[in-house]
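Both chains are sitting in their own frames, so use the hints and assemble them into the complex.
If you read the protein sequences in the order shown, they are chains Y and F.
The opening residue of the first sequence carries number 1 in the UniProt record's numbering; numbering runs sequentially from there.
The opening residue of the second sequence carries number 1 in the UniProt record's numbering; numbering runs sequentially from there.
Careful, some of the hints might be misleading.
DMTMM-like cross-link-like pairs, simulated, lysine to aspartate or glutamate; straight-line CA separation at most 20 Å [what the hints assert, rightly or not]: (1) Y/K110 <-> Y/E153; (2) F/K95 <-> F/D108; (3) Y/K46 <-> F/D98; (4) Y/K46 <-> F/D165; (5) Y/K382 <-> Y/D317; (6) F/K95 <-> Y/E37; (7) F/K57 <-> Y/E24; (8) F/K95 <-> Y/E24; (9) F/K180 <-> F/D165; (10) F/K64 <-> Y/E37; (11) Y/K46 <-> F/E92.
What follows is a set of in silico ranges between Cβ atoms, one per label pair, in the way DEER data are often shown [said to hold, decoys possible]: (12) F/G191 <-> Y/R49: 41 to 49 Å; (13) F/G130 <-> Y/R49: 51 to 59 Å; (14) Y/R49 <-> F/G175: 56 to 64 Å; (15) Y/K119 <-> F/H81: 44 to 52 Å; (16) F/D165 <-> Y/N360: 38 to 46 Å; (17) Y/Q335 <-> F/A102: 43 to 51 Å.
Honestly, the hints are just simulated from the structure, not real lab data.
Bear in mind the structure is a predicted one, so any value in this text is a computation, not a measurement.
Yeah, the Cβ is synthetic: ideal placement off N, Cα and C, and Gly gets one too.
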Amino acid sequence: MSNRSELTRFFNCYILRDNKIIREDLWMRDGKIENPEHIFYVEQLKPTRNINCNNVLIAPGFIDIQINGGWGIDFSYDCDNVEKGIEKVATELLAHGVTSFCPTMVTSSKEKYAKILPKIKKSQGGRHGATVLGVHLEGPFISLAKKGAHLDEYIRTPDKGLESIAEVYGSLDNVVIVTLAPELPGATKAIKELTDLGIKVALGHSTASLAQGEEAVKNGANLITHLFNAMLPFHHRDPGLVGLLASTTKRQVHYGIISDGLHTHPAALRIACRTNPEGLILVSDAVAAQGLQDGKYRIGPQSVTVKDGCAYVTGTDTLCGSTAGLDDCVINFKQSIDCSLEYALQVASLHPAQALGIDNKKGKLNYGYDADLVFLHLETLKVQSTWIAGECVYSIS
Amino acid sequence: MRLIILEDADIVADWAARFVLQRVTQFAPGPDKRFVLGLPTGGTPLGMYRKLIQFYKEGKISFKYVTTFNMDEYVGLPRDHPESYHYYMWNEFFKHVDIDPAQAHVLDGNAPDLVAECARFERLIQEAGGVHLFIGGIGPDGHIAFNEPGSSLVSRTRVKTLAYDTLEANKRFFGNDISKVPRQALTVGVGTVMDAKEVMILITGVHKALALAKAVEEGVNHMWTVSAFQQHPQTLFVCDEAATLELRVKTVKYFKALSEEHQRMIEDAPVQAQRVLH
Numbered sequence: 001m002s003n004r005s006e007l008t009r010f011f012n013c014y015i016l017r018d019n020k021i022i023r024e025d026l027w028m029r030d031g032k033i034e035n036p037e038h039i040f041y042v043e044q045l046k047p048t049r050n051i052n053c054n055n056v057l058i059a060p061g062f063i064d065i066q067i068n069g070g071w072g073i074d075f076s077y078d079c080d081n082v083e084k085g086i087e088k089v090a091t092e093l094l095a096h097g098v099t100s101f102c103p104t105m106v107t108s109s110k111e112k113y114a115k116i117l118p119k120i121k122k123s124q125g126g127r128h129g130a131t132v133l134g135v136h137l138e139g140p141f142i143s144l145a146k147k148g149a150h151l152d153e154y155i156r157t158p159d160k161g162l163e164s165i166a167e168v169y170g171s172l173d174n175v176v177i178v179t180l181a182p183e184l185p186g187a188t189k190a191i192k193e194l195t196d197l198g199i200k201v202a203l204g205h206s207t208a209s210l211a212q213g214e215e216a217v218k219n220g221a222n223l224i225t226h227l228f229n230a231m232l233p234f235h236h237r238d239p240g241l242v243g244l245l246a247s248t249t250k251r252q253v254h255y256g257i258i259s260d261g262l263h264t265h266p267a268a269l270r271i272a273c274r275t276n277p278e279g280l281i282l283v284s285d286a287v288a289a290q291g292l293q294d295g296k297y298r299i300g301p302q303s304v305t306v307k308d309g310c311a312y313v314t315g316t317d318t319l320c321g322s323t324a325g326l327d328d329c330v331i332n333f334k335q336s337i338d339c340s341l342e343y344a345l346q347v348a349s350l351h352p353a354q355a356l357g358i359d360n361k362k363g364k365l366n367y368g369y370d371a372d373l374v375f376l377h378l379e380t381l382k383v384q385s386t387w388i389a390g391e392c393v394y395s396i397s
Numbered sequence: 001m002r003l004i005i006l007e008d009a010d011i012v013a014d015w016a017a018r019f020v021l022q023r024v025t026q027f028a029p030g031p032d033k034r035f036v037l038g039l040p041t042g043g044t045p046l047g048m049y050r051k052l053i054q055f056y057k058e059g060k061i062s063f064k065y066v067t068t069f070n071m072d073e074y075v076g077l078p079r080d081h082p083e084s085y086h087y088y089m090w091n092e093f094f095k096h097v098d099i100d101p102a103q104a105h106v107l108d109g110n111a112p113d114l115v116a117e118c119a120r121f122e123r124l125i126q127e128a129g130g131v132h133l134f135i136g137g138i139g140p141d142g143h144i145a146f147n148e149p150g151s152s153l154v155s156r157t158r159v160k161t162l163a164y165d166t167l168e169a170n171k172r173f174f175g176n177d178i179s180k181v182p183r184q185a186l187t188v189g190v191g192t193v194m195d196a197k198e199v200m201i202l203i204t205g206v207h208k209a210l211a212l213a214k215a216v217e218e219g220v221n222h223m224w225t226v227s228a229f230q231q232h233p234q235t236l237f238v239c240d241e242a243a244t245l246e247l248r249v250k251t252v253k254y255f256k257a258l259s260e261e262h263q264r265m266i267e268d269a270p271v272q273a274q275r276v277l278h
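Chain F on its own, in the form it takes in the complex (with noise of 0.2 Å):
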């Protein structure tokens, strides 16, 4: 595990681009072997999609042969209805880069079957080849997608009812009416995360300290569904200094110390020769 600690989100939200576009390049995709991205949505990763954009109208990269898929989505809410993350990914991200339609691939909350639709998504991942990279935010409650506080750590993608507290979080977004908060997401299981080669965590702000300390300082937990990443082979939690308020001085100190020696190495390593640090 990881930890790059970076001044502010702006500063985050470049880095995480720059590492995207690190490992995309790297790759070099094409029609035989596609690139495959694990994709959130929410506050925290936009930053790093309007970089991508701008990544890609200058030339830079393209997402003609990256496939990708998304953690979540609400269950029974429009497709189009603008707090939906089919909305989201195509407003802020979709629709400004050359992807193919079908390799964008975002589970289907008003499918007559969600358990079909959710089997089908962990087949597509599997056909895909897996996941390549993963990037996924985290609630203030420590949660990876909707895997809520006592999710199974070792969960696949399914239906699941959201705690009263993302609901709470979430009703700004429907007119401060929790009513209106849609009671369940599709997303995407902690096992299916764990399985990608490659997971990158973005964690800004200081209402994400707690969550962050309990991911990184103390033992895996499933109350804590992000702390399963730190026995994940290679995760990267990419944080601004907010962030960090409630860690250990000894845990910052020793990271940031190493920073330098990250930043060398996802700038010219291969991503295997990376798999020796963690």
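Excised from the complex, chain Y in its bound form (with noise of 0.2 Å):
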């Protein structure tokens, strides 16, 4: 239990701290890192709790912002207890190092949007689960042409902008993040309200041009929704939406990038990488299986084979989604591009808190940020500890 006020000094450990794994200790007090240095000389007091770490790497915790589920559970399909289902996956998701996350919801009807979102209420992390941040919305405003694993008869266009869409979401408070494609008519001016309200819009499921992309960025939209992924592929005379990875638009483009080491090749992951390093943002884009055994699931209104960890939509060989958790990502990821171990871990913190813009609270262990930690082992990099808010919630041992 950690009472307010308790000024706690983790020793023995690295952090990741100014892009840098330094050999330092981390202190905490109220939820927030704190400046040891600040303490010492001005409110000169020691530490009430010295913890001994034993050489784990101290990470921000995970950032997950595309989840679709996990544990047999299903944030677009399973409507009868929402907060149910949710606080499940808030909490397996800790063991995962996962300390916040944006449920998502793909392509649904009007009547389980009207059903579940209004339940999914963003929430402090805790012992109970992850922090909430809000709703990753995954259409239905996107391209029938690339439609993935979402169902042809909810697909449709925001002819009215913001309009069209409330038509479909109902209320948008507890949503973060609008997955759309913005060659839809309307969309342009989709973007432009939505963004007015401070959400986030990602671009994906979509068939859009460069040019197409572009005019979205300028628009607001600073997302890619799973590169590679349910768009055009890479042409040179229109690279499309992976252009805008290397686009002269000012503003910088995130995008998600799933490293279960199925849905990209490794050598399309070095190609993002290598051209926007400062973009990549890991996504689980994880489905109710996650942490479930082979057999058959549900993902929003269709059925899900997963077969030797892989999950496809029953009867076809279209994947639809990811079983991995962040943390498995992560080495996945830092495998396949070989990247320094810092870059990795920022690619699952501070970066998806940047593309949020929490970036000031969240994704770094700078004094005054929310002490969101995750511990993994130095060599194998797996979850030891993760703590929100300066509170254990989950632990190996």
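Written out as structure tokens, the structure is:
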């Protein structure tokens, strides 16, 4: 139990700070990371709790901005007990070092949105589970040609911009990200209106040309959903949405990548990463089957078969999301592109925080930031414990 | 005055740390009997701090009942600036040991009233019962703390304007831009250090050789402020071979011949008994 105003010092640890892993103590109090030098000289206090970390690596807690469910729960389908489902996944995520996430709903019927969306409230995490940052709505304003695992019958166009969107979703209070296809009629207007509301717009499930993508970015879009998947493949005369990575638009565009080792070839990962390292975000895009054995499950209104750890639309070979945890994605990613450990951790923490505009309090171990932490084994990178707002919410032992 | 000549800077660091260990251990500090230590910053004492941290980790020494006073601090430099002495002391020493933050005193170069801050520091030293052991380094021009050449040898803690040589020497820490080097500092006076029961001055490197010669072979001179310590009843200069290059052969031979005796005295004898040997 952490008392208020308890001053905790983690020692014997490595921490990720200012883009480097350094051997340094980490101090925290009241759920925030503290500046020990200030406390020493100005407040003249000693830590009330010293925790020997046995050489673990402390990184900012992982942030998953695209996760459809897990442990048998499908956020888009199970509408009878939404809160319980969210809580179940939020709790399980702690073991994967995830301290905040955006529950993601795929293309669904209007009725589902009405039933589910109001019940997924933004909430501060703790022992009961990871922080819910808000909902990521992926579809239904997407391209039929790039629907992936989304169902035809619910796909539509945002003809009247926000009006059309609100008509399908209902209240947007709990929403932080909307993935849409920018080439659809009314999409530009919708992007502008959504971003005016503070909602981030991600481009995906789309056949957009680069010009259409750039127009969307100029109007406020700042994300690309699962790069390479469900979009036009790179073409040298019109590189499409992939081209946004090297576009001359002034804004930094972030892009989600599923690095479960299946959705994106390691070489494609490296191309993206070398072209635009600052924009890369690891997402799990995990489905209900995450954490479950091979078998049949639901993703939205569809049946999903998990075989050898891969999720397919039942009876097809269409990939429909991953079953990997974000912690495994980090390990996979590091192996795939042979990047620095610092970078592999930042793509799952700092970058998503930046994309959501919350990098003033999450995604770093700077003074004053939320004490959302993941303790990793220095070599295997396996999660040892997870902390939210200074409280230990998961421990391997 | 004693001069301990050791092989190189590493051995000086090790020796100095052992000396502190021995002094603190012999004093046996407690809640009502604190050991008061004066501390320097800079490159020379760095090795000593690292060794002391090692001793602390090995359980050989505790700083729980040690009170410290730092010699100096720049004026107007943010406390968390990498060149500030607060930053140095926190990162190189304080954060690694069990010192009581309320008993680790560093002059505040950002105090609204600098004169009052200096007076407060002197008062704190007095209230602590004076300094048992003041450790110092020196500059190539023989300055101790920021007591630049020409400083009064009976000076107390005060604001000092830095000599051009010092600015020049320090600019490498400020992006080689002399305009960024703070022009003033708060420093203990020569008199403040002279009041300490015991003083240990660390001198390493060939660039300090002239200063060492001036300190020990010539008369007391306010142009080489460290020379004042010739008149201190219990001062120890600890140097490496490189720093002796400007000394006379006879000086070096004399002190080297005494070194075994010094060593033994320091290791075994109570501090009081050591006062007879100069």
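Going through the hints against the structure:
In summary, the hint linking Y/K110 to Y/E153 is supported, as the alpha carbons are separated by about 11 Å, within the 20 Å threshold. Between the alpha carbons of F/K95 and F/D108 the distance comes to roughly 18 Å, so the proposed pair stays at or under 20 Å and holds. Restraint check for Y/K46 and F/D98: satisfied, since their Cα atoms lie roughly 9 Å apart, inside the 20 Å limit. Of the pairs offered as hints, the one joining Y/K46 and F/D165 is violated, with about 39 Å between alpha carbons and a cut-off of 20 Å exceeded.
With a C-alpha separation of about 31 Å, the suggested pairing of Y/K382 with Y/D317 is violated against the 20 Å cut-off. Restraint check for F/K95 and Y/E37: the C-alpha separation of about 8 Å stays at or below 20 Å, so the hint holds. Pair hint F/K57 plus Y/E24 holds up; C-alpha atoms about 16 Å apart against a cutoff of 20 Å. About 10 Å separates the Cα atoms of F/K95 and Y/E24, which keeps this hinted pair within 20 Å; it holds.
Restraint check for F/K180 and F/D165: the C-alpha separation of about 15 Å stays at or below 20 Å, so the hint holds. Proximity of F/K64 to Y/E37 is assessed by CA-CA distance (about 18 Å); at most 20 Å being required, the pair is judged to hold. Restraint check for Y/K46 and F/E92: satisfied, since their Cα atoms lie roughly 17 Å apart, inside the 20 Å limit. Distance hint check: the CB atoms of F/G191 and Y/R49 are about 44 Å apart, consistent with the given range 41 to 49 Å.
Distance hint check for F/G130 and Y/R49: the Cβ-Cβ separation is about 36 Å, which falls outside the suggested range of 51 to 59 Å. Separation of Y/R49 from F/G175 is about 39 Å and departs from the stated range, judged on CB atoms against 56 to 64 Å. The beta-carbon spacing between Y/K119 and F/H81, approximately 51 Å, falls within the hinted interval of 44 to 52 Å. At about 44 Å, the beta-carbon gap between F/D165 and Y/N360 stays in the expected band of 38 to 46 Å.
Our hint of 43 to 51 Å for Y/Q335 and F/A102 holds, since their Cβ atoms are close to 49 Å apart.
When the structure is compared with the earlier hints, violations turn up for hints 4, 5, 13 and 14 and for no others.
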